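Quick mapping for you: the protein sequence lines, in order, are chains A and B. Take -16 as the starting number for the first sequence in our numbering and just add one per residue. Take -16 as the starting number for the second sequence in our numbering and just add one per residue.
Careful, some of the hints might be misleading.
No copy is singled out in the list; a pair is fine if it fits within one copy or between any two copies.
Each computed DSBU-like pair below joins lysine-lysine, with the alpha-carbon atoms no more than 35 Å apart [said to hold, decoys possible]:
| # | residue 1 | residue 2 |
| --- | --- | --- |
| 1 | Lys75 | Lys9 |
| 2 | Lys33 | Lys61 |
| 3 | Lys(-1) | Lys9 |
| 4 | Lys75 | Lys61 |
Everything labelled a hint here was simulated from the structure, so no lab data went into it. Bear in mind that the values here come from a model prediction, so they are computed numbers and not experimental data.
Protein chains: 2
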Amino acid sequence: MFAALGDETRLQLLVKLGTGEPQSIKQLTMDLPVTRQAVTRHLRVLEAAKFVTQETHGRERRFVARQAGLDEAHHALKVVAQQWEDALQRLKQFIED
Amino acid sequence: MFAALGDETRLQLLVKLGTGEPQSIKQLTMDLPVTRQAVTRHLRVLEAAKFVTQETHGRERRFVARQAGLDEAHHALKVVAQQWEDALQRLKQFIED
DNA sequence: TTAACATGCAACGAAAATGTTGCACAACGG
DNA sequence: CCGTTGTGCAACATTTTCGTTGCATGTTAA
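Please construct the entire structure, taking both the sequences and the accompanying hints into account.
Now the structure itself:
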């Protein structure tokens, strides 16, 4: 999941899709400094990580942001961050006592 | 930042450090199926991404979880998730009208 | 002082990620 | 029907990442 977010190009794709508009591969490739094929690959990664979904439309394949995907990543970090906070808090308390 | 989280070994290291206890490289290497050198590298990545800090202690180098690091990652995702939600909401509204 | 210990640095190898190009094919439009 | 368009697949090159091993160095403790 985080690995999918850990690439600059993919982050840019997610930002673009964040407008909510379904967009074709060609559309998504514009403005990016890589070829259509590279974008296709990245989209496949994002789809595998559940950050986007597809909808075929004639000869086009439009990709859409998947809200739940980001929510899940967000939640995962929230949980870990909370655990850390608790642990560090306990440790601090222990040292003070 | 996300790239640093996107590796299984590094995630395990973060979990271990999540106990709050500062731990040496040797300690962190135990239980992991890789060599000390590999762990050292991962720790360097985590430090560069601000997820951990060091404190030299004699001949040991102890690493500590850095709460703020996770908080920042968490916050970053929160912001993007919110933007997505807004955009998708507007789009839905637009379609319904 | 000297042996044991924790670590750093550098060289190297293997695997994965990223990107490209070339060709094929189905859908659309005049 | 035929050219254009949006895409898929496969082969390949390059770069990064991940891991190892070997040796050097500072610290500790008997």
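Each hint tested on the structure:
Taking the shortest alpha-carbon separations for Lys75 and Lys9, only the inter-copy value of 24 Å comes in at or below 35 Å, while the best intra-copy value is 54 Å. In this assembly of identical chains, Lys33 and Lys61 lie within 35 Å of each other by CA distance both inside one copy and across copies; the values are 19 Å within and 17 Å between. In this assembly of identical chains, the alpha carbons of Lys(-1) and Lys9 lie at most 35 Å apart only when taken from the same copy (13 Å versus 44 Å across copies). Taking identical chains as interchangeable, the C-alpha atoms of Lys75 and Lys61 lie at most 35 Å apart whether they share a chain (21 Å) or sit on different chains (28 Å).
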